[in-house]
Amino acid sequence: MHARFVLRRVLIGAGQVFILLALVFGLSLLLPGDAADVQASDTFSEGQRAETRHLLGLDIAPLTRFLTWLGGVVTGDFGTSYASAEPVTEVIGGPFAVTAVLAVLTTVILLPVAGWAGFAAGLRPGSVRDRVITTVSVFFDSIPDFVLAVLLVAYVAIGLGLFPATFLGVDLPTMLTEPGYLVLPLTVMVARVAAPLVRLVRAGVINVLAEPYIEQARRLGVGRTSLLLRHVAPNALGPAMQELGRTGDGLLSGVLIVEAVFVLPGIATTLIDAIGNRDQPVILAIVLITGVVAIAVNTLIDLVGQRMVPRRVQS
Amino acid sequence: MPSFSGGRVTRRGFLLGGSGLAVGALAGGCTGSTSTGGSGIDTFSAVLKGSGADEDIDPGVAHLFIDEARMKALYDGLFEVDDNMRPVPRLAESGEPNADGTRWRITLRDARWHDGKKVTSADVLYTLSRVLGPAGAKPFIAATTLEHVDLSQSREVDERTVEIALRRPSFEFLTALSAYGTKIVQNGARDFANPVGTGPFRFESFRPGKELLATAYADYWDGAPTISRLRILSAENDARLTALQGGQADFADDLTPAAARTLRDAEGITVNATPNSGIYYFAMRTDRPPFDNVDVRRALMRMADREELVKVALQGQADVANDVFGKGFEYYAEDLPQHTHDPDEARYLLRKAGVSNLTIDLFTAPAATGFVEAANLFAEQASRSGVTVNVRVGSGDTYYSESLESGQLTMGQSGPLSIPNHFGSRLLTGSPQNRTGWSDPQFDALYDQALATASVDERTSLYHRMHEILHDRGGFLFWANAYWNSAASAKYRNIPTGVPNAMNWVRFDKVSL
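Chains as they are written, first to last, in the working numbering: chain B, 1 to 315; chain S, 1 to 513.
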């Protein structure tokens with residue numbers, strides 16, 4: 001049953017990615033102007049503007065360009081950037097690595113933080129501990145992430161001089177070897193996604209603890225640790241896992257804010273630049289990869305969620 | 001013509017709204033420092049407006065402001081222009097025309113390339129043949145500026161003297177040799193990703209949209225720089241402010257009026273506001289109704305309240321302009337009476353033109369500071385004369401290309417540019433950037449005559465007559481000459497403060513402690 005389920009999800013996923021690419025390409029055509037317009041220096045004559053368009057291959061019909069690009073992707077060729085005339089893989093490789101580092105570290109920090117806080121709050125609803133955790137999570141949930149980012153830059157980076165204010169001129173190795181750089185961006189990223197998770201875990205724990213089978217297990221003398229790990233956790237984390245899937249989708253927009261404020265050379269700013277430059281090969285490649293990642297993550301989380309709470313069987 | 005319009009829309013800036021403002025308002029000035037040792041400067045970091053993957057390092061095709069900063073560090077032009085747009089010899093020692101201005105004899109300085117070779121006439125001829133030859137991945141910027149160069153008739157006189165022939169006389173040719181895309185490259189050079197230049201800094205590495213690293217060139221003909229290592233960083237508006245405040249940059253170029261105001265109160269930071277740096281205009285299509293009627297154009301010139309536009313849209317960071325280009329530059333017509341806001345006179349002129357209930361479409365975009373604000377304010381000002389202006393807002397990314405051919409009334413901001421180049425590229429029949437659709441045989445004839453006139457005084461009076469025509473009935477409504485704000489850590493001296501495109505702008509080889 002699982003093999004069939006996975007195959008089905010892969011096929012659906014491929015269809016979704018294709019529709020996504022076609023939509024994004026169509027929408028990018030609706031933007032005013034094209035890459036040649038963006039690149040035109042204001043000394044260009046009409047002949048030079050036409051030449052730019054021809055050199056970029058923008059005089060070829062859009063559908064042909066799209067299908068050619070898709071054909072290239074199948075053979076592993078993502079095309080050439082209109083803006084930089086470099087292979088797309090070179091344009092997006094570095095930024096993807098940066099964003100991946102940010103996303104992975106966020107998740108690594110997020111899971112224990114949100115899990116611990118949610119459990120700590122849910123086990124004793126109404127206690128001081130619960131109220132502190134709930135207040136803090138509501139605070140971080142209600143403050144827009146760009147406000148938080150700007151406040152951190154203003155007070156912590158510039159005011160106190162504790163961490164660098166921007167990533168200007170910093171490459172990936174430096175970012176990883178000088179951990180001061182990542183503190184503020186990760187704070188913003190985690191704060192953004194942790195709050196809803198904390199509240200879901202807390203609610204899940206409270207609900208599960210009220211179930212009769214927990215009472216029964218207690219009466220049967222199941223130890224506290226075993227009770228929490230074997231009986232409470234799997235049932236309480238189900239809804240949170242679903243939320244985590246949505247977090248993956250939302251991560252990109254969070255990354256965008258963080259990248260913009262801290263001048264992090266990641267994929268979100270690369271995408272915004274590419275849209276500004278009307279650089280369709282780069283736009284499509286980024287959409288393709290993020291789309292595949294988003295679908296893969298969601299499928300994975302569905303599978304994990306199913307294992308945790310097997311009663312929701314896929315028909 | 002070094003006329004990139006500056007102010008491409010800031011994409012990340014747009015996303016963040018005024019967050020830079022918030023940073024500035026909250027944080028007091030506090031600047032760290034880049035490591036310095038002895039009397040020299042170890043590393044100097046300058047941060048300029050970036051443009052992502054569109055940034056280039058090939059001197060033939062690079063056209064952004066930040067590209068030009070890299071070019072100034074790595075290469076030299078034969079000439080550059082000073083703040084008044086007058087040519088100054090750089091890699092050339094001198095440039096002398098023949099009697100009719102059709103041949104120019106250029107003598108080169110005794111300079112060396114970064115690889116130790118001598119700079120020769122062959123380098124100059126190779127550069128010209130490259131930018132006038134077939135395009136590579138992108139068209140060459142100078143192909144239009146230098147299209148009157150006749151390569152087949154140009155020749156090497158000796159190792160350091162070259163004679164350039166023109167297809168028609170031009171006594172303004174040296175300015176053309178200072179334009180974007182004319183930096184001299186080495187004879188036979190093909191690999192522009194690893195540049196060998198003659199400039200004050202040697203190339204180390206370049207990542208488009210991020211960073212250029214370069215080291216001082218000890219044998220630079222104009223003296224070795226004090227800075228050992230130069231970094232030119234790319235960043236959007238808010239980030240430039242933050243980087244300077246946080247001590248990650250020593251110099252920040254092109255600050256918004258709000259950012260400049262924030263930094264003015266910061267300790268340890270010097271803000272420079274360079275006047276006559278961004279020339280703001282409305283462009284009326286003189287070849288289309290209703291602006292094909294002279295009196296409608298005259299009426300519009302009286303509808304604009306320039307003081308109010310400067311105060312509101314540019315936050316007072318500009319001087320009022322007078323419908324002719326190039327205040328502060330050579331050949332500017334200083335004596336023309338200032339056009340003022342006069343709604344009644346505008347009404348009278350419209351009646352005279354036989355126009356009633358005039359409705360105009362104004363196409364604008366957030367392509368530079370204050371555009372949309374100015375458009376909306378102008379609509380309000382025009383309504384005082386009974387004219388309806390419909391403001392249509394487009395995309396900032398492609399605005400200059402889109403507005404070139406379309407619409408009745410559009411907007412723009414021009415970087416500093418010599419007045420003859422402004423006429424040549426925007427106001428002649430068939431000019432490549434004729435935004436006002438201006439075509440006047442008398443005007444064209446005056447231009448040709450001026451270029452062929454050897455005497456500076458006579459040229460000045462010919463240009464003056466052209467200015468008079470435009471001031472009376474041209475298609476450009478110039479309303480502001482904006483300041484260019486940059487800022488630097490106060491511990492440095494000789495920070496460049498020239499107008500954009502001029503020699504003393506983002507040129508860091510003279511910076512010292």
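Just so you know, these hints were derived from the structure itself, not from any lab. The C-beta atom is built at its ideal place from N, Cα and C for all residues, glycine as well. Each hint should be verified, as a subset may be incorrect.
Some chain S residues near chain B, calculated using beta-carbon distances under 10 Å [claimed, not checked]: (1) Val47; (2) Gly50; (3) Ala135; (4) Gly246; (5) Glu267.
Hint-by-hint comparison with the structure:
Residue-level restraint check for S:Val47 holds (minimum Cβ-Cβ distance to chain B is 6 Å; threshold 10 Å). Satisfaction of the interface hint for S:Gly50 is found here, the shortest Cβ-Cβ separation to chain B being roughly 9 Å, below the 10 Å cut-off. About 6 Å separates the beta-carbon of S:Ala135 from the nearest beta-carbon of chain B, less than 10 Å, and the hint is met. Interface restraint check for S:Gly246: the shortest CB-CB distance to chain B comes to about 3 Å, inside 10 Å, so the restraint holds.
Checking S:Glu267 against chain B by beta carbon gives a least distance of about 13 Å; that is not within 10 Å, so the hint is violated.
In this structure, only the earlier hint numbered 5 is contradicted, and the remaining ones agree with it.
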